[in-house]
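Number of protein chains: 2
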Amino acid sequence: MALRSFAEVSALAPIGPGQFEAAVDSQWTIGGKPNGGYLLAVLGRAAVAVGTHEHVIAASAHYLHSPDPGPVGVEAEVLRSGRSASQVHARMLQDGQPCVEALLTTSRLDPAAEPHWGAGAPTPGTSRYQESIQLPGVTPTGVPVSLAEQVDVRIDPDSFGFSQGRPSGRGELRGWLALPHSEPFDPVSLLFAVDAFPPATFDIEMTGWVPTLELTVYVRALPAPGPVRVLQKANVIDAQRVDETCWVWDSRGRVVAHGTQLAGIRLG
Amino acid sequence: MALRSFAEVSALAPIGPGQFEAAVDSQWTIGGKPNGGYLLAVLGRAAVAVGTHEHVIAASAHYLHSPDPGPVGVEAEVLRSGRSASQVHARMLQDGQPCVEALLTTSRLDPAAEPHWGAGAPTPGTSRYQESIQLPGVTPTGVPVSLAEQVDVRIDPDSFGFSQGRPSGRGELRGWLALPHSEPFDPVSLLFAVDAFPPATFDIEMTGWVPTLELTVYVRALPAPGPVRVLQKANVIDAQRVDETCWVWDSRGRVVAHGTQLAGIRLG
Chain A
1 MALRSFAEVS ALAPIGPGQF EAAVDSQWTI GGKPNGGYLL AVLGRAAVAV GTHEHVIAAS
61 AHYLHSPDPG PVGVEAEVLR SGRSASQVHA RMLQDGQPCV EALLTTSRLD PAAEPHWGAG
121 APTPGTSRYQ ESIQLPGVTP TGVPVSLAEQ VDVRIDPDSF GFSQGRPSGR GELRGWLALP
181 HSEPFDPVSL LFAVDAFPPA TFDIEMTGWV PTLELTVYVR ALPAPGPVRV LQKANVIDAQ
241 RVDETCWVWD SRGRVVAHGT QLAGIRLG
Chain B
1 MALRSFAEVS ALAPIGPGQF EAAVDSQWTI GGKPNGGYLL AVLGRAAVAV GTHEHVIAAS
61 AHYLHSPDPG PVGVEAEVLR SGRSASQVHA RMLQDGQPCV EALLTTSRLD PAAEPHWGAG
121 APTPGTSRYQ ESIQLPGVTP TGVPVSLAEQ VDVRIDPDSF GFSQGRPSGR GELRGWLALP
181 HSEPFDPVSL LFAVDAFPPA TFDIEMTGWV PTLELTVYVR ALPAPGPVRV LQKANVIDAQ
241 RVDETCWVWD SRGRVVAHGT QLAGIRLG
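Residue numbers (my numbering), protein chains in the order written: chain A, 1 to 268; chain B, 1 to 268.
Chain A on its own, in the form it takes in the complex:
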């Protein structure tokens, strides 16, 4: 089966003002469930389509119901259209049932901007792309990760103990991410990038599915071409939920996205 590009799997067909059809790809899934960042990226595409600014800079999604792979409806409404930024409400529905609700702020990211200060971000991993280990298409507990056969998720060797039942206990996964056909990242695909890695809790204790309940992404800069470095980090496991932080650096080493998510987990 030929790899489908991110542009293809996240494409929208306009069917009316602020109304689109999309098709959730059966391969961008974990255990048959579509990846949450992928779904948010589809809504990001809709936000840019209806809005007056070309780049998503902030997106927050709450996940109501996991859609099945196949056709979905997408609705997007501009809430405010300002000079420097606009806000959009977008949702994904399937068979009339809301699946994902999101608020997005769009603006224009200046390709000439330079970061002013970044000492508050952690440091990415040090392994080279070629040395990192490609995530297999199945988790250690046997859950199929079709997504890992579509995108290139590579884990630093010193983050990869979980796959042999030896998590480090730090709750951190470092590595690299590339899209199919090495498609360059842009602000829409960065919405996916912050949710592309396995749950960082795998580096603490192996569990089944860790469904995203809320995902917020800040796109901080236009990414340079090439694979991105990713750090997925668990913060606190409490009340059968975990909050995780994700950092994404482009090939120049610049922070291009910061994600935070709350997910369900059968621990604690």
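Mixed in with the good hints there might be a few duds.
For chains that are exact copies, the list does not tell them apart, and a pair is met inside one copy or across any two.
Said to hold, decoys possible - Only pairs whose alpha carbons sit at most 20 angstroms apart, straight line, appear in this in silico SDA-like list of lysine to any residue:
1. Lys233 with Ser84
2. Lys233 with Pro124
3. Lys33 with Pro211
4. Lys233 with Ala23
5. Lys33 with Ala148
6. Lys233 with Pro115
7. Lys33 with Arg252
8. Lys33 with Ser66
9. Lys33 with Gly208
10. Lys233 with His116
11. Lys33 with Ile15
12. Lys233 with Ser146
13. Lys233 with Ala121
To be clear, the hints were calculated from the coordinates, so they are not data collected in a lab.
From a predicted model like this one, the values you see are computed outputs, not experimental measurements.
Starting from the known structure of chain A, fit chain B onto it as the hints suggest.
Below, chain B without anything else, positioned relative to chain A:
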């Protein structure tokens, strides 16, 4: 002037199904602009009022227009009502103009739950509440911070260099927060707590107003009574925006809230 309680300044008057009136307090402001976390807490109260679950566990707000102190309308709509969680869309309007849009997930936090793992969170400051320095009612650049005369924002002495023009450069403010009349925190007031501190960028470089563009809060546990410890931390300043992370610990030292925000800043 008598201090008004948080319950008073965030109170809602129901005027119809999913419709409320509220009054933005003129004192819960910085430079005359209402605090963003305070506004989100008002929407959190509305989400709990319309929903079937008693505690906000995740809230994401996008800020469209800063309301003036005074009457505002609040609308809240249940998007999905599930067994263990519900999702709500809430907005604040003034004179028909949308000011804040938010998505909220509500659930029930079990008072008997114990944290399972927390090594991914940073550590709070070490100063005692009594040793920490109360934030004055005006910033070093002369902006009035009425809010600091309503709530008790106390900064650790080693985080307080910015007030004498000696920021540490770390981009971190540590300290304590208490509500008026020592009102105990709850999930709604924790939505305020994650935005109560000055911008952590003050510990890098002094600027004027740092308006919140997006604020996401995860309430991780029911807080024990007493003041909460707060760490407000800047991550990256780029493209005239900063993303900041906020951690809130209760008097037992448990992480009770995690906030992340994107704000505008005239730097970079």
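Going down the list of hints, with the structure as the test:
1. Lys233 with Ser84: For lysine 233 and serine 84, neither the intra-copy (32 angstroms) nor the inter-copy (26 angstroms) Cα distance is at most 20 angstroms.
2. Lys233 with Pro124: both (11 angstroms within a copy, 19 angstroms between copies)
3. Lys33 with Pro211: Intra 9 angstroms, inter 37 angstroms, cutoff 20 angstroms: intra-copy only.
4. Lys233 with Ala23: This pair counts as neither: shortest intra-copy Cα distance 30 angstroms, inter-copy 40 angstroms.
5. Lys33 with Ala148: within (13 angstroms within a copy, 47 angstroms between copies)
6. Lys233 with Pro115: Intra 23 angstroms, inter 17 angstroms, cutoff 20 angstroms: inter-copy only.
7. Lys33 with Arg252: neither (33 angstroms within a copy, 38 angstroms between copies)
8. Lys33 with Ser66: within (7 angstroms within a copy, 39 angstroms between copies)
9. Lys33 with Gly208: within (13 angstroms within a copy, 46 angstroms between copies)
10. Lys233 with His116: For lysine 233 and histidine 116, only the inter-copy Cα distance (16 angstroms) is at most 20 angstroms; the intra-copy one is 24 angstroms.
11. Lys33 with Ile15: Cα proximity of lysine 33 and isoleucine 15: none, with 26 angstroms in one copy and 41 angstroms across.
12. Lys233 with Ser146: neither (22 angstroms within a copy, 37 angstroms between copies)
13. Lys233 with Ala121: both (12 angstroms within a copy, 10 angstroms between copies)
The structure fails hints 1, 4, 7, 11, 12 (numbered hints given earlier, in ascending order).
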